[in-house]
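Q: Residues per chain are reported as follows:
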Amino acid sequence: MPTARQLEFESLIAPHLSSLYSTALRMTHNQNDAEDLVQDTLFKSFRAFDQYQKNTNFRAWAFRILVNTYITAYRKAIRQPQKVSYDDLEEFYLYKKLDESISLQETAKEDFLENFFEDDVKDALENLPYQFRLVVLLCDVEGFSYNEIANIIDAPLGTVMSRLYRGRKLLQRYLWSYAKKRGYVLDEKI
Amino acid sequence: MLKRGVMFLMKKSEQKKYDCEEIEKRVQAYLDNQVSEEEINLIEDHLSYCLPCDKKVEFEKKLKAIIKYKATEKEYPKSLEEELKKIIKSR
Numbered sequence: 001m002p003t004a005r006q007l008e009f010e011s012l013i014a015p016h017l018s019s020l021y022s023t024a025l026r027m028t029h030n031q032n033d034a035e036d037l038v039q040d041t042l043f044k045s046f047r048a049f050d051q052y053q054k055n056t057n058f059r060a061w062a063f064r065i066l067v068n069t070y071i072t073a074y075r076k077a078i079r080q081p082q083k084v085s086y087d088d089l090e091e092f093y094l095y096k097k098l099d100e101s102i103s104l105q106e107t108a109k110e111d112f113l114e115n116f117f118e119d120d121v122k123d124a125l126e127n128l129p130y131q132f133r134l135v136v137l138l139c140d141v142e143g144f145s146y147n148e149i150a151n152i153i154d155a156p157l158g159t160v161m162s163r164l165y166r167g168r169k170l171l172q173r174y175l176w177s178y179a180k181k182r183g184y185v186l187d188e189k190i
Numbered sequence: 001m002l003k004r005g006v007m008f009l010m011k012k013s014e015q016k017k018y019d020c021e022e023i024e025k026r027v028q029a030y031l032d033n034q035v036s037e038e039e040i041n042l043i044e045d046h047l048s049y050c051l052p053c054d055k056k057v058e059f060e061k062k063l064k065a066i067i068k069y070k071a072t073e074k075e076y077p078k079s080l081e082e083e084l085k086k087i088i089k090s091r
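Chains A and B supply the protein sequences, listed in that same order. Here the first sequence is numbered in this note's numbering, starting from 1 and rising by one per residue. Here the second sequence is numbered in this note's numbering, starting from 1 and rising by one per residue.
For reference, chain B alone in the conformation it holds in the complex:
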């Protein structure tokens, strides 16, 4: 009985590991904060010992931040504020 219990536990802990392919599948949802707590732990566990994946994920994270920064308009036409005032007064 005990042996079976240990086997079961081992099997369970073996299942709870992600390989590189699974990281690749989940990287985008992970960076978007759209994975469950359990998945976050599994992903971060893998990243803690797999340097190639960790580097790739860090690169993607940086890329996402760069896109946000560079594609955000720093200014907008002030005429829109005037237009907004006109619109709310029209009704």
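Chain A on its own, in the form it takes in the complex:
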């Protein structure tokens, strides 16, 4: 018979298996590695369960372990952040590009977003440098607040915001290039 503690852990973590796996898959790029990463996370979080303070944010706690496990396992594979200047990344990039290139009606601009293939959105995300990818996933896909993300990735709030904002701008560039490749945008003027 499982103990109360075992059952408590199971009931707390089971609802998050799906989102832990989803994040793991975006971070590792393949299903086997994602599965391994989640398994390691389950193992480590169960082992550390005594340190979890009751009635605090369990979901953020589990994600923190996922992120730590990922960084430890992929330390060598994770490339150093590229020394690229992100200063020229502007706000509303995708919107402005659409505005400049085609005279779409507002509804068509919204359709344009709907038409993106799931794989293109996933690819675009997976191409982001990992630090940016992580915060974009945690915020936009998993819905964590800036404070929760700061806690999960163990970084100051300012770092979270700058990575998130740059990551999203970069993502818009990638999405734009997919749109062109796929022929969603036909009559680009510039």
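Everything labelled a hint here was simulated from the structure, so no lab data went into it. A few of these clues could be false.
To be verified - Okay, derived cross-link-like pairs now, DSS-like style, lysine-lysine, Cα gap no bigger than 27 Å in a straight line:
(1) A:LYS180 <-> A:LYS169
(2) A:LYS109 <-> A:LYS122
(3) A:LYS169 <-> A:LYS181
(4) B:LYS70 <-> A:LYS96
(5) A:LYS181 <-> A:LYS97
(6) B:LYS68 <-> A:LYS96
(7) A:LYS180 <-> B:LYS68
(8) B:LYS68 <-> A:LYS97
(9) A:LYS96 <-> B:LYS25
(10) B:LYS62 <-> A:LYS96
(11) B:LYS61 <-> A:LYS181
(12) B:LYS62 <-> A:LYS180
(13) A:LYS109 <-> B:LYS70
(14) A:LYS44 <-> B:LYS78
(15) A:LYS169 <-> B:LYS68
(16) A:LYS109 <-> B:LYS64
(17) B:LYS62 <-> A:LYS122
(18) A:LYS180 <-> B:LYS64
(19) B:LYS78 <-> A:LYS122
(20) A:LYS109 <-> B:LYS55
(21) B:LYS68 <-> B:LYS55
(22) A:LYS44 <-> B:LYS85
(23) B:LYS55 <-> A:LYS122
(24) A:LYS169 <-> B:LYS70
(25) B:LYS68 <-> A:LYS122
These figures come from a predicted structure and were not determined experimentally.
Got chain A sorted already, so can you dock chain B onto it with the hints?
A: Okay, now just chain B, sitting in the frame of chain A:
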């Protein structure tokens, strides 16, 4: 005195307006619900009369929703549930 008071009030109300540049600076935090109540009011006030900004912000909102929807895995390997059961029994 009265005149100075009115001037002061006017100045204060003039300060409390965001221009397009300030919307651009805050749009991401606004969409993430990470701005104060006061900022929300200022942003929404601007959006109520500035159609170009309103359109851009609506587009960003939609994009954020699309990313969430399309990047969320709809399924996960059931083996993880078995693994979870094994792990909790191991100790």
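Q: Each hint needs a verdict: does it hold in this structure or not?
A: Now for the hints, and whether the structure bears them out:
Restraint check for LYS180 (chain A) and LYS169 (chain A): satisfied, since their Cα atoms lie roughly 17 Å apart, inside the 27 Å limit. With a C-alpha separation of about 20 Å, the suggested pair LYS109 (chain A) and LYS122 (chain A) falls inside the 27 Å cut-off, and the hint holds. Taking the CA atoms of LYS169 (chain A) and LYS181 (chain A), the gap is near 19 Å; set against the 27 Å cutoff, the hint holds. A C-alpha spacing of about 22 Å is found between LYS70 (chain B) and LYS96 (chain A), which places the hinted pair at or below 27 Å, so the restraint holds.
For the hint pairing LYS181 (chain A) with LYS97 (chain A), the CA-to-CA distance comes to about 15 Å; that is within 27 Å, so the pair holds. Our distance criterion of 27 Å between C-alpha atoms is met by LYS68 (chain B) and LYS96 (chain A), whose separation comes to about 22 Å. Distance check on the hinted pair: LYS180 (chain A) and LYS68 (chain B) sit about 22 Å apart at the alpha-carbon level, within 27 Å; holds. Restraint check: the Cα-Cα separation between LYS68 (chain B) and LYS97 (chain A) comes to about 22 Å, which is no more than 27 Å; the hinted pair holds.
With a C-alpha separation of about 16 Å, the suggested pairing of LYS96 (chain A) with LYS25 (chain B) holds against the 27 Å cut-off. Distance restraint check for LYS62 (chain B) and LYS96 (chain A): the Cα-Cα separation of roughly 15 Å lies within the 27 Å cut-off, and the hinted pair is therefore satisfied. This hinted pair checks out: LYS61 (chain B) and LYS181 (chain A) have alpha carbons roughly 24 Å apart, not beyond 27 Å. A threshold of 27 Å between alpha carbons decides the hint, and for LYS62 (chain B) with LYS180 (chain A) the separation of about 20 Å falls inside it, so the pair holds.
Taken as a hint, the LYS109 (chain A) and LYS70 (chain B) pair is honoured in the structure, with Cα atoms around 17 Å apart against an allowance of 27 Å. Distance hint between LYS44 (chain A) and LYS78 (chain B) is fulfilled; the C-alpha atoms sit about 19 Å from each other, no more than 27 Å. Annotation: proposed proximity of LYS169 (chain A) to LYS68 (chain B) holds, straight-line Cα distance about 16 Å (limit 27 Å). With a C-alpha separation of about 14 Å, the suggested pairing of LYS109 (chain A) with LYS64 (chain B) holds against the 27 Å cut-off.
Restraint check: the Cα-Cα separation between LYS62 (chain B) and LYS122 (chain A) comes to about 17 Å, which is no more than 27 Å; the hinted pair holds. Distance restraint check for LYS180 (chain A) and LYS64 (chain B): the Cα-Cα separation of roughly 20 Å lies within the 27 Å cut-off, and the hinted pair is therefore satisfied. About 22 Å separates the Cα atoms of LYS78 (chain B) and LYS122 (chain A), which keeps this hinted pair within 27 Å; it holds. In summary, the hint linking LYS109 (chain A) to LYS55 (chain B) is supported, as the alpha carbons are separated by about 10 Å, within the 27 Å threshold.
Proposed proximity of LYS68 (chain B) and LYS55 (chain B) is supported: the alpha carbons are some 20 Å apart, at most 27 Å. As the CA atoms of LYS44 (chain A) and LYS85 (chain B) are separated by approximately 14 Å, the hinted pair is consistent with the 27 Å bound. Taken as a hint, the LYS55 (chain B) and LYS122 (chain A) pair is honoured in the structure, with Cα atoms around 25 Å apart against an allowance of 27 Å. Between LYS169 (chain A) and LYS70 (chain B) the alpha-carbon distance is near 18 Å, which keeps this suggested pair within the 27 Å criterion.
A distance of roughly 10 Å separates the Cα atoms of LYS68 (chain B) and LYS122 (chain A); the hinted pair therefore holds under the 27 Å criterion.
When held up to the earlier numbered hints, the structure conflicts with none and fits them all.
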